[in-house]
Each structure stands twice: as structure tokens, then as C-alpha cells.
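Protein sequences appear in the order of chains A and B.
For what it's worth, this note's numbering labels the leading residue of the first sequence as 1, then goes sequentially.
For what it's worth, this note's numbering labels the leading residue of the second sequence as 1001, then goes sequentially.
Do not take every clue at face value.
Computed from the model, here is a short list of chain A residues facing chain B with C-beta under 8 angstroms [unchecked claim]: (1) 173; (2) 185; (3) 200; (4) 211; (5) 214; (6) 249.
Quick list of simulated restraints, FRET-style, between CB atoms [stated by the list, open to error]: (7) B/1041 <-> A/248: 25 to 33 angstroms; (8) A/169 <-> B/1095: 27 to 35 angstroms; (9) A/167 <-> B/1039: 19 to 27 angstroms; (10) A/183 <-> B/1058: 40 to 48 angstroms.
Output of the computed footprint for chain A on chain B, the stretches with three or more beta carbons under 8 angstroms from beta carbons of chain A [claimed, not checked]: (11) 1026–1036; (12) 1115–1126.
It is worth saying that the hints were derived from the structure and are not from the lab.
Every residue gets a Cβ at the ideal spot worked out from N, C-alpha and C, and that includes glycine.
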Amino acid sequence: MNKQGSPPTASRTDEGLLTWGCYRARKIASFTRGVYDFPNATVSISVGPSAGWVEQLAGITNVTVGVASGPFITGRIGVNHVVTGLFSEGAKRISFGEAAHFVTGFIEDFVPSHCSGSIIYGKTETSSLLGNVQQITMVEPVGAATFSQIAVAREYSLSEQLSRLHQLPEGWDGEGAPRFSEATCATADTIIKGLWHITLLHSVSPTVLLGPLPDGSLRFECTYEDKELFLTICGTVVEVQSWQPRDAVESSVYSETGPAGAREYLEWLVR
Amino acid sequence: MAGEITPPAILAPTDLLYRGIHPLYCQGGQLTSGVFVLKKKHTLQEGPSVGVARLVPLTSFHALMGEGWGVGALEASVPQSLTLTVQSLPDPRWGEHAHAHAVITGYQKLTDKGRNDVARMLRIALQRNILRSPAEQTTPK
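Start from the sequences and build out the full structure, keeping to the hints where you can.
This is the structure we're talking about:
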């Protein structure tokens, strides 16, 4: 959809733009999406022509993420904002502690050796400002208050998701999937509270998705740095499976536990 | 016409496979595990359905999915590299594209841990090539 070619990896384009990472497929989006400036305000960002490459980037930036005015993107996201709904194709998210400066609207993956973030396709003149993203983020640490905000927002978001899943009728997948039981939802709620405590305790913000499975179980899919953890809830039983590094095919842990035991694995995730 | 092309029982590694994505298995563009669920007790017919791209146009495949569903694609080599099999299984419900229907199978022999491992890898592969995004839908209608 709206592909405009796939130029080879390059360090500089004809437009004089400095790139970081592989520039694999140039696509331009036509998309308007709210960027939620914690806790309540909404900032709209408009992106010019085309759609289909937009993916949610969720996370926190602790340096200014500027979206420069231009033909494709307008808008600005400020410092220490919870960011959702940024614009990416291959890139998936800006993890906490990373930052991005959107300048042209062309967004791509980083090569892993550059940094662990996503994105970035910047104008030459901004490269000195952007520099090494990790370096920038290190000089502007986020305070405990922000972490508290993150924890509250995370708990609220997951609780809302759990509530929505709890309301799903039987056959929600179109193939007879059962409803999610009270016990399963109660256990999931306990896990959410555990996540809240861990976020506060360790001042970290793992990425967590809560997804349904067609057998009536719920799964927390948690990632942090090079670790990935699945907590699959069925009644009061929590199936634990983890991978480290994240690109490993085989999991390193597979076991069953309860809500209390699951917390130990969440602790492992963020250590 | 349907029936003129008889695909091989086992697909070639280079075959591109379409996979439908239920809206509830996608959150903000991120696929969740539900997109590939592999159970030990699955019969062949209960395995994850896929469409063979060379036998069904993307638009037609998408139309076969439910409202709001998305479509992702992965090469047959992905499940095959995970010791799984992609087996042609014509489905009359797909009408003129019945022969484009195939299922991923062979995971029944794996351990619970192993099945989850390969399901995760299938999901990761699909995530890399989402052709039609599912509708954002996290609430029941």
C-alpha cells in the first residue's frame, strides 16, 4: 500500500537527510492520531499522505520528541510524556529511556548497533542535537514522580483492558471461545497490581500487553530489555514462560505457579 | 475455475501464506499470542488456517475473513523451519478459492513448552509483514 520504492540502505539521501539505520521502505502516512499527553490532555498529530504503516509506539520519552513542521508531519510532543500513537512502519515502539526526534516523517528501524530504539530519519542539522540517543536520555533522568504516573497509567490501562475482556460474550472469536471466568479475571487483576508495585519499586517500565486466548485464558506478554515473559492465566493457575534474549526461539523457563509466584518472574523481568 | 489447480499436499518453502488476524489479537499494531494458538489435541482441521498466496488474491482472502479482521503474511519456510508442516487442506467454505486453504500442523508432537515457543515465533514472523491491519477493537460490540 502506497509503497514508494525500497531504496537501499544509505547514510544520506538525495534530500540531504541523514539517516540512522536501514532505510528499507519509504512510505508516507495519512493519519491523524491522538498523542496522549499524560494524564488527560490530547495532542493531535497529523501526518500527510497515505496510511498503512502506522503502528503504535508506546512508551515514555525523557527528552523532547519534536515533530518538526513540514510537508508530512506537524506537531510536537513534549518532555516526559507518555507517548502513544506515534508513527512507524517497521519500528515498533519507543521504550522508556529512549528518545526520538521526528523531523521528516520518515521513520525507520535502527540498526541494532546504533542504539536500541526505533525510528529516526533526521535532517542533517539536527544530527548534532540528536547525537547518541542513549547519551541524551542519560543526562535527563526521569524522576520518581514520572514513574508513579507511569505505574498509575499502566494499571489503569490494563485494568480497563481486563474489564473489556471480561465483558466479552461466549464465542467472541467467532469460533465458540468461552467467556473469561471470574477466577481468571481475578488472578489477572492480581497480576496487574503486582506490575504496579514492581514499576514503582524498581522504577522501570516494562512493556505489557494483555491479550485473550481462545481457550478462555488470558495472557500477559511482558518485555523488558532483552527479556520476554508470558504469564498465561487460567483460573488461579499462572503458566510462566520466558525468553532471554528475546530473539531466542526456545524459552528458558516454563512452569506453573500462582499469582504470588508470578510476581517473582515479574521481578526477574525487570532486574 | 476452481479445481483446475491442484496444489501439492506439502507446500514449498517459498510459498507465501496469508493469515487472518482477529481484531482482538492486535493491540496498537502489536500482535498478541492469540493469532497463533497451537494445542496438542488439535486435529488437522483445527490447525491454524492459512491461505496460499499464489492461489488466492489478497483481496479475496481478506474478504473471506470476518469483519474487521486483518491479514498478515509469512513464508511457508517459517513454520517449516520450526519443524512444522504446512499442509494443503481444501475448504469448501472458501468457494472458488477452496484449494488455497492450508493448515499448519505437526505441532501436536511437541511439548507444551515447545508448542508455545513455535507459536511465538510464528507470531513474530507474522508481525513483520502485516498486509492489512485489523480494526482497532478492544471492546465488545
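Verification of the supplied hints:
1. 173: Hint on residue 173 of chain A: holds, closest Cβ of chain B at ~6 angstroms, below 8 angstroms.
2. 185: Hint on residue 185 of chain A: violated, closest Cβ of chain B at ~14 angstroms, above 8 angstroms.
3. 200: Violated. Min distance 24 angstroms.
4. 211: Nearest chain B Cβ about 3 angstroms off; hint holds.
5. 214: holds, 6 angstroms
6. 249: holds, 6 angstroms
7. B/1041 <-> A/248: 25 to 33 angstroms: The hinted range 25 to 33 angstroms holds for residue 1041 of chain B and residue 248 of chain A, with Cβ atoms some 27 angstroms apart.
8. A/169 <-> B/1095: 27 to 35 angstroms: Since the Cβ atoms of residue 169 of chain A and residue 1095 of chain B sit about 29 angstroms apart, the hinted range of 27 to 35 angstroms holds.
9. A/167 <-> B/1039: 19 to 27 angstroms: Holds - the Cβ-Cβ distance for residue 167 of chain A and residue 1039 of chain B, about 25 angstroms, lies within 19 to 27 angstroms.
10. A/183 <-> B/1058: 40 to 48 angstroms: holds, 41 angstroms
11. 1026–1036: holds (count 7)
12. 1115–1126: The restraint on the stretch 1115–1126 of chain B holds, since 5 of its residues have a Cβ under 8 angstroms from chain A and three suffice.
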